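Residue numbers (this note's numbering), protein chains in the order written: chain L, 1 to 190; chain C, 1001 to 1568.
Careful, some of the hints might be misleading.
[As the list claims (entries may be wrong)] Not close to chain C: a few residues of chain L, all C-beta gaps over 10 Å, as computed:
(1) N78
(2) G96
(3) S101
(4) V145
(5) L148
(6) R151
(7) V157
(8) S158
(9) E171
(10) N180
(11) L186
(12) N189
[To be verified] Listed below are the simulated DSS-like cross-link pairs for lysine-lysine, each with C-alpha atoms no more than 30 Å apart in a straight line:
(13) K1053(C) to K1034(C)
(14) K178(L) to K1003(C)
(15) K1566(C) to K1279(C)
(16) K1514(C) to K1034(C)
(17) K1307(C) to K1279(C)
(18) K1566(C) to K90(L)
(19) K1162(C) to K1034(C)
(20) K1279(C) to K1034(C)
(21) K1307(C) to K90(L)
Just so you know, the hints here were simulated from the structure itself, not pulled from any lab data.
For clarity, every value in this text was computed on a predicted model and none was experimentally measured.
For each residue, glycine too, the CB sits at the ideal point set by N, CA and C.
Read off the chains here:
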Amino acid sequence: MRAIIRSLVMVVTLSIFTGLVYPLAMTGLAQVVFPSRANGSIIIKDGVPVGSALIGQAFTDARYFSSRPSAGGNDAANSGGTNYGGTSAKLQQQVGELAESVRAANGWTSDQEVPSVLVTNSSSGLDPHLTPAAAYCQVERIAKVRGLEIRQVRDLVSEHIENADLGVVGEDRVNVLKLNLALDNLQQNQ
Amino acid sequence: MTKDIMLFVLFLAVLLLCAWPLGKYMARVFNYEKTCGERFFAPLENIFYKMAKVDPRTEMPWKEYCLNLIIFNALGMLSLFVLQLTQAFLPLNPQQLPNVETWHLAFNTAASFMTNTNWQAYSGETTLSYLTQMLGLTVQNFLSAATGAAVAIALIRGLVRKNTGELGNFWADIIRCTTRILLPICVVATLLLVSQGVIQNLNPYVDVQTVEGAQQTIAMGPVASQEAIKELGTNGGGFFNANSSHPFENPTPWSNFLEMFLILVIPTGLLFTFGEMCKDKKQGYAVLASMLLLFVLMLGVCYASEKYGNPIVAAQGISGDTAMEGKEVRFGIGSSSLFATVTTAASCGAVNSMHDSYTGTGGLVPMLQMMLGEVVLGGVGAGFYGMMLYVFITVFIVGLMVGRTPEYLGKKIEAKEVVLTIAGLLIPAATILTMSAVSCLTEAGQAGISNPGPHGLSEILYGFASGVGNNGSAFAGLGANSLWYNVLIGLAMLIGRFAVIVPVLAIAGNMVTKKIAPANAGTFNTGSSLFAVLLAGVVLIVGALTFLPALALGPIVDQLFMLQGKVF
Chain L
1 MRAIIRSLVM VVTLSIFTGL VYPLAMTGLA QVVFPSRANG SIIIKDGVPV
51 GSALIGQAFT DARYFSSRPS AGGNDAANSG GTNYGGTSAK LQQQVGELAE
101 SVRAANGWTS DQEVPSVLVT NSSSGLDPHL TPAAAYCQVE RIAKVRGLEI
151 RQVRDLVSEH IENADLGVVG EDRVNVLKLN LALDNLQQNQ
Chain C
1001 MTKDIMLFVL FLAVLLLCAW PLGKYMARVF NYEKTCGERF FAPLENIFYK
1051 MAKVDPRTEM PWKEYCLNLI IFNALGMLSL FVLQLTQAFL PLNPQQLPNV
1101 ETWHLAFNTA ASFMTNTNWQ AYSGETTLSY LTQMLGLTVQ NFLSAATGAA
1151 VAIALIRGLV RKNTGELGNF WADIIRCTTR ILLPICVVAT LLLVSQGVIQ
1201 NLNPYVDVQT VEGAQQTIAM GPVASQEAIK ELGTNGGGFF NANSSHPFEN
1251 PTPWSNFLEM FLILVIPTGL LFTFGEMCKD KKQGYAVLAS MLLLFVLMLG
1301 VCYASEKYGN PIVAAQGISG DTAMEGKEVR FGIGSSSLFA TVTTAASCGA
1351 VNSMHDSYTG TGGLVPMLQM MLGEVVLGGV GAGFYGMMLY VFITVFIVGL
1401 MVGRTPEYLG KKIEAKEVVL TIAGLLIPAA TILTMSAVSC LTEAGQAGIS
1451 NPGPHGLSEI LYGFASGVGN NGSAFAGLGA NSLWYNVLIG LAMLIGRFAV
1501 IVPVLAIAGN MVTKKIAPAN AGTFNTGSSL FAVLLAGVVL IVGALTFLPA
1551 LALGPIVDQL FMLQGKVF
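Make a model of the complete structure from these sequences and hints.
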């Protein structure tokens, strides 16, 4: 009995210490030191929040760079992937259908290769990035729809490439939301 | 490819460079010596001792140590269980989430976090309130890690102390581990994570209107503080369903690097602690070398298979890495396969990509590492004491070969210890295989499968390997939130934890009473590179003999079908 009470006191005191004092103190500290990041890196445009710089959102309009497919329809309150295995018939079908629609949207022939990240679902369903190749391949379509020069759009993509750190940590990538916001800006300023 | 290999080298270099001083520091902590910050830590720790009326200087024999550990863990589990079933009535629940729906889900989650598994049959952002995440999950993340470390340290004491009956004070080990090791690192790591974009707030979920005019609700929460201990304690339970692939848990390649580092730094450091405490650094180096050998082998296989990719995808006119289903662009193949190998080498189970969508062989690596008992560096404490069981087997086999009583660190390994060792290795393995087999044969078990064909077997095998190994990662297609899987995997986790801890503490209790015989010409040198290679060999052979048939029917045949282009 003595042993049980001793354990109980330990569980209670350690719970308060690691479960309330620690996270609440860290919340306070983070809110002071990195307020924007601690609250989700929300992007404000014209005084209205349009999304988080870190969270992918759906782009289906031909005027915008499309983002990666999302298993959960970019639901940022319920993340996750498809969990299709390598030999899944559903995966095979999904890749085929998405490749077809990417080709159709961009006016490509049926033998043109499609970058893999445009036909596969990310792990979180909220991947905010594209590979540079997956962004560049949409440049021609976007220039045409928006009446911009191909060079302009291509340069915009190049400016938005974030490189792997030190050349080895992570991958080269483009943030789709930031790129699309810049695209809107580019056109407004013309 | 060169780039990815340089990443792997950089990662291991940083890891070893930091684990070395940490290991020495941990030796001071667990030798009950004064450490830096003594004037802050000592009064803080005294509060806990005084409240519970515990004298931290009283030494405990193994049975008392073990009993305290079990009561402490059982009460922790009970507390988390109750919290889940009452969260709707408690504060810090801005989304007004209801109580956890079923008793079996609450049982599964409570067992999961108490045993350092962090298997998640629920989805964090739609199920648990901020209070449950903090006061329930974060707490168990700390305490289960401290428990693992305490067992490892008790075993080391059993090996190096002579002619006594005592293994240290359980409470002092738990408290000192929490205040002097886990918490300081977590405070720094939390701030580093927030600097990368991991969120840390108590706000309700944020509604935004996207650029195209759709509504998007973005989940919030005190994520960074939980993320830090989730990795450092090799727990692995994500705040969000997508775990460390969610941009709010792991936003950049650097946050990813930091998280992998946190997972392995204490397990790696413990080998240096071991070397310090037995006053023979080579003993620690030999075991570490053996683990690193296995790690590089596993990483190589996983990476090569993912990089080679999926021919079924490639056949449809797709360019770039073809195994990108279930992976994030910022991590790519390199940082994803490294994370997968790290998280299952340790008993962490955090994931930054969906293991279910890996190629057959790529998914085999995490599964095999869990089946081996996560002894490739391993979880906090659990990796060390798990590997020690293989060490005893190795010296036993070597002893048989030369016809001498096997000994380790000058202490004889006798029949009693060998029996306990075998129990610690065999019970988990038998549990994985039996429970998987039963699930394959029952309707309730088959109902969970989401990928038909051999991959379905892989999903079940992975689930039980993860539960028993106290890993917690999943082939997440498995529909695990059912009465069947919640109860069975819940039991698997408890067996996997305590059917190893109790024999290990019993071994420690036996060993601590023995004399240390001086080394002579016939003593096998366990600090040598020969021993390191033998140990790695024993791990692989035991693993292969136990699991090869099951693996052949699951991931191996899955890979062969994929190469042939056959789908299910």
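Inset, instruction - Report the numbers of all earlier hints that the structure fails to satisfy, in ascending order. - result: 1, 2, 9, 10, 15, 17
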